[in-house]
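Engineer: Residue numbers (our numbering), protein chains in the order written: chain A, 13 to 659; chain B, -19 to 313; chain C, 609 to 791; chain D, 51 to 668.
These aren't lab readings, by the way, just hints derived from the structure by calculation.
All C-beta atoms, glycine included, are put in the ideal place defined by N, C-alpha and C.
Be aware that one or more of the hints could be misleading.
[As the list claims (entries may be wrong)] Listing some non-contacts, in silico: residues in chain C with all C-beta distances to chain D over 10 Å: (1) K709; (2) N729; (3) P732; (4) E768; (5) N771.
[To be verified] In silico lysine to aspartate or glutamate, EDC-like type, Cα no more than 16 Å apart, as pairs: (6) K189/D x E233/D; (7) K318/D x D117/B; (8) K120/B x D314/D; (9) K139/B x D451/D.
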Amino acid sequence: MTPAERAKQPPAKVPRDGPDLTGPELHEKLEATWENPPGFIGWLSSVDHKDIGRRYIVTALVFLALAGALAIAMRLQLSKPDNDLIGAARYNEIFTMHGTTMMFLFAVPVMQGMQVYLTPLMLGTRNTAFPRLNAFSYWMYLAGGALLWVAFVLNIGPDMGWFAYPPLSGPQYGVGKRVDMWAQMITFTEVAALAAAVSLVATILKQKAPGMGLARMPIFVWATLVTSLMVIFSMPSVALASGMLLSDRLVGTQFYNPVERGDALLWQHLFWFFGHPEVYIIFLPATGFVSEIVATFSRRTIVGYPIVVMSLVATGILAFGLWVHHMFATGLPRIGYSFYTAASMSVSIPTGLQIFCWIATLWEGRPRLQVPLLYVIGFIFTFVIGGLTGVMIAAVPLDLQLHDTYFIVAHFHYVLIGGAVFPLLGAITYWYPKATGRLMSDRLGKISFWMIFLGFQLAFFPMHIAGINGMPRRVYTYPAGMGLELPNLLSTIGSLVVAVAVLLFVINLVVSLRSGRKAEPNPWDAASLEWATSCAPPKYNFPHLPIVDSRTPLWDAGEKLPVVHGLRVEDREVLLTTVMSAKPDLREPSAEPSPWPFIAALATSAMFISSIFSPWAVVFGTVPVAVALTAWFWPKSPKPEREPVIS
Amino acid sequence: MRRGGAILPFFVTGCSGVQTMMGGEGAEGANFIQLFTVFMIVCTVMYLIVAIALIAAVWRRRNAALTLDNRRHHESSNAVRPALIGWTALIAVGLIGLTIASFFTDRSNAANGSNPQLSLTVTANQWWWDVEYSSPDASKTVRTANEIHLPVGIPVEIKLKSNDVIHSFWIPNLAGKQDLIPGRETDAQLLPRKTGLYRGQCAEFCGVQHAQMALDITVESKADFQRWYAAQLQPAPPPANPLQRAGYNYFTTRECGSCHNISGTPATGQVAPDLTHFASRRSIAAGALPMNTGNLYGWVADPQSQKPGNRMPTVGLKADDLHALVAYLETLK
Amino acid sequence: MSSRFRSSALALALVAALCGCDREERQTRGKPLGETVPASASPDTVFPGTGKLPPLDPRAAAYEGNAAAISEGQRLYNWMNCSGCHFHGGGGMGVALMDGKWRYGGRIDQIAASIVEGRPNGMPAWRGKLTEQQVWQLAAYVRTLSGQVRKDAVSARADELSNTPPQTQTKREPLSPSDSDQQ
Amino acid sequence: MRRSIIVVASIAAMLAVALLFWALTQKRESDLGTSQFGGMSSSKAAPARAASPRDDGNWTMPGKDYASTRFSALSQVTPRNVGKLQVAFTFSTGTTEGFEAPPLVVDNTMYVIAPWPNNVFALDLTKPGAPAKWVYEPKPAAAAKGVACCGPVNRGAFYSDGRLYMNLLDNHTVAIDAATGKELWRTKLGDIQQGQTMTMAPLVAEGKVLVGNSGGEMGVRGWLTALDAATGRIAWRAYSTGPDKDALIGTNYRAPYPQDQGKDLGVKSWGPEQWKIGGGPVWGWISYDPELKLIYYGTGNPGPWNAEQRPGDNKWTAGIFARDIATGQARWFYQSTPHDLFDHDDINESILVDWPAPNGQRIPALIRPSRNGYFYVHDRRTGRILAVDPYGYINAYKGVDLKTGRLIPAPEKEPKEGRAVRNICPGPPGAKDWNPSAFSPVTGLIYIPHLNICMDMGVKNANYIPGTPFVGADVKMYAGPGGNRGVFTAWDPVARRKVFEIKEDLPLWSPALATGGGLVFYGTMDGWFKAIDARSGKLLWQFRTGSGIIGQPISYRGPDGRQYIAVPSGIGGWAGSIVSADLDPRDPTAALGFVNAVKDLKKRTTKGGMVYVFALPQ
């Protein structure tokens, strides 16, 4: 059909939203279109980013609880010297599971869950760009996590550390299928993270509200864009590494066999080429939370928006140049070390600038000391210590002593708990009404904040001293008389305080679900688009898609937010805009709910899990996957016509 | 070299000093303390700046009105820009300074390693250390396990190898750590400056008994070292009484000799620690237990309960054999 | 189709997982201590007149197909110089161990007996040189060389010069018909 | 007149030349002792006169004579008639192990020395079909088979003064009455519990029986022992490691090069106590110079193969000793391969010749194709090297420094624990293993049956448990450049060059035999027994025996005056163990890596144990 012919066609008689179709009538129609199918199958079929994001977050929090329980177990074992509460082998499994779960099953997924939940809302769109891929991503993540934990419960869990250095994880020293469970879990989470990241990048680039050019995106969306791109560039590295490890272990390839000119260090390079960016994949979304919370609770736009955005981008790029600082003790050429020292130190410049911008925003604004902001303040106090110890260990002469000691344990817990979990808890408190329609208890929130904050310092600050007093990491016991008793006892007490505090936080979450104060659409008087719709948002997010002409639309436009008209209401449809300046571009159908992503995930899981046991699974396992994918992509209706948007 | 300790009193509290970074008894260890002190000062200053700024920022308008008109969401004071420039400059200068300090310390550490006068090879095994002092005269090679004796003030080069997985060689009082990687030969340079007894430990996770893979370091005067070295060159003394002889016989004809070597006897195993001068060491089983008769009984009778998962099997010795073995092992001075 | 597939996949995964439980059970100390040795499990086919093969020694259960035991056995196979004669199963001074030909029986207790007692023409007796636990571990590993053991419990290769095809992929060598009669 | 004088003189001269020519050709074709050939041509090497007496048609010792020429002067079989060679009779030993020992023939009796269990058969050659006169069954201990690194082989007996002397695998030396097969004495010399075995052929001279032990892969301490031929009592024993008093190094010792000079090097060139399990067994060949009263023999490899475990030069392994036969005192020693990395034993045969030096002098020399791939010419009085040249493909060494006498290793080929090294040439069996060459005074050439095998090697910590292997290496061998695994080379020791070479597909594991008829015989591992022209290397005749040939062919004059050629056929030994011990070719490291080089051997030959005897039709 030529454009001329098309112009002659009478306008299609499809109902569209607009001034003439609004209010409850529109709500009813949109609700019918965007609702999940009924029943359990419908629940499995959901492609709603809010469902998926919520599932991601809840699942990740469950893993956080499990891994936290393991942490308590470790702390009890280490509470006194020569303790024999937990055996050596079990302890090794526990710390492996703790690290693996925290890194792969909690930290990255919870951040992606938040991103999946919030990004379409912040962008003013109805769903992510690839909703079924998004659903697939969650199921893969769930399957991977289940694989690891079922293995652990059945006593075939990994025991070689979350970093799985060969040869210890190789076919000779990694006994049985423990390592394979771990390595295949990596494959699961990589697939999940990549799927979610691809979907997020496409959403951000193509589904911004009209007018929301790149320079008007909320900082959290910027953080999401940067981290998703980082996921796309870094995760293949570890997927490759773990694939080679599996192949060494299953079919006897020689990738990591030094005798046959493989190399044990190859793993470390590939792993840390992923592993270091991963820290920022966890940390950058957290800075996104911080930027949003700081702005809202200072009641002021963020100071230095371009600086913060450029810092995010710079961190994302620099993060790929630092991996060698995890390998200073491996005996690589000294000349290279200086480069990585300088690079590692330079990454603190963008972070330092972000901290400046947050403090400046607080300075310039009128801060409200509510729970989310408390977490942010706790974050800055804690994270900066972690950042500064990070500067220390970037220096080779210091790192060679501090590396692989409890000093490092302290450092990265300051960075990851202080730098990511504190903002996350603040973010959960902040966006809780957006997900549930109710606010969390402020009083309980403040109590748990102070307990977490102080308990954390008590648990982790003494680890610096334990490290300096010569306590290496990953030891299940230590001898008396080396000055380690007191720091370890304090750490254990602190960890118990944190555990109680987290429990309080969870109680707050659960209790507030029923009895929390009902939330207005914008309970915090925030400025970004997710607050433009009700709490919790309807399935279709926005009755009319909003139009934006500033970075803080709700502050600047208030109730009179301009909207788009003309999207179909009886078919799922979203509006595509241009990448840079977000001009309306196309209308695009959005995927219907479907059970096939779930089935595809099952088929893929079956293939992955069987390929732990037989290489043929890779061949035969593709058949069910292909069937599921065919059904997933089976075209249901004739291609919808493309029409210019009438706004 | 205790300056670091003076500045950071809390770091040395309760520290007995055999395995601490704040010992500084080696050249590199001392460099560490200096550089660490510099970093601590700079970082503390930076932290205080951030903390004070944050407190001030939150405190300043904490009671300001709750609602604001839209205009004031965006206003900025003129102080922001100069503060930003100042802050950036401060970070940059600080980091450059620290990088340079780090670089020169690294150079100084590298220089310590030049011109070593003693060379030894440490081979890591799951979970013990095999130590060999090489000499141009091959017959003056000394082999021991889980202990290193070093003469004070003499630069030492240590070649590091691994027989199985990756380990890390770390004597915090003397120097930083260096990994031992199968298929690669790495090296460490030590320059001990002060006599004393120190402890090193494996610092890279290496399997089930990673926690109990330590080694004892003795830094002693040159004369003491030479005495020790000469003694190490001697084969084990013959058993002196019937009980010891029974132990000797058991050791050399039964399970023990399949893995362990005792120089001068038919026990010539090469896969477990050399026990020629076992009783002269400070600890049993790579630092797992202090050396004394009671621990020796416990260890020989049931090593798997002392260090579960280690490579020495629980043999199930009869009481007579156990007495005899311990009696014999205690003669291996 | 979908639900059936799902349930069968779940069942498969569950079975695979459950089998793992004892497959990787680690025992740092062998159950039976001391100098007891496996009884010579010698069937008619090896020593005529000895009667049918006795039932499998109950002690074997903890070692047969146990990944931890096989791994220890693999280490001991090198440490105790088994590899010096039998190499990686191809044989040399000692017989080949990967060809499914067993002079004195290929069952784990028979192999253990061969290790403890020694065999004519050069196989040394390891009685008193190895603990019983080590003997069982070695026997458990030796069985992997000819593919007698479940594949998920064995190691594909060691960190050494590449040698035999990976044991995770080796076909089970059929025992001689008379041997398999006994099993 | 003057013209007639010229004519007469020229006719006389022509006659004289013709006579001389005739005389020369007559001599070549007659059954003369080999020593007659010495000095005929100053451009050729000739066997040491005293060590190679006139050929009496017997074959009394594996090397044929003390000079170890393996040359039979019998000349009935020639290039022209060799094609008609046919089987005269065969004899089965009933064994299926590697059959390396040459039969001995003395006064119309053939003595066949079988591999394990070392039975000896005396065959009466005067009767049709050569029936057995007696059988000697020594009944050695079965456990000895478990510590024989390379098959339970035996390399032959020695006939002297009506007695046969031989070694049993379980470390006994026995003397047998050659007429009756009665055992006269039996002396135990070693312990199988320590990994020792004895496989070599003794050498008997001056009333001494010289024997050595095997077990370089088992951590033995190598020695050479002299027994009193009459009583079997030990006269002296010279160890290959340890203090000078154990190695019988005394005041008469003069090493040609500084590397071998010094006190107690057998201790000082090892880590503490390592010399006690350091190897250096003497399992190869001994030559004897009756004039100098010196014996020459090589010592085996140091143990373990993993050289990282034994720092130092590891004296006195992998080198060559000259000793006084009466006292055993060392005269000189030269270490061919100090701190051996690749199992390059130095036990190969030493052939004693008079060697024409470039300046025209004739030097009493010792020539030997060493396992490390170099062909050495030593002055046998001092040990000094006169010439050294590679005769096979070598990349593991960069040559021999003639000033210091020291082998120059190639550092990139040194195996380190945890890192395999690829493509090391020659492999552990060297450019040539134990199977000796033959030297023909007719051509002045040495005929070397040897190998073209390279390897990948990975070393690892070796545990020492007495009576078990002490190696610490994984090895995979394979064919060297060109793809052929065996080479038969005719080498001119004077011109220091290869004259011809024959590429053999399989490794050559059989010794060579040269005859006065201008022929050279050798066998292949798939059972072909071949005769080639000694000058051109042209294949003239071949016969497929029942099993692979790894034994010494011999030639003797039968009771009917005919020349006979005999060869043992029975695959085995290190190279053939894949067949004789039924090894699995899927494991490339099996049999110390040799299996990988001969994966196809099971398809090409089967076990056996026969002696084939050939002659021209009557």
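Engineer: Taking the earlier hints as the rules, which of them does this structure contradict?
Structural biologist: Hints 1, 2, 3, 4, 5 and 9 not satisfied by this model.
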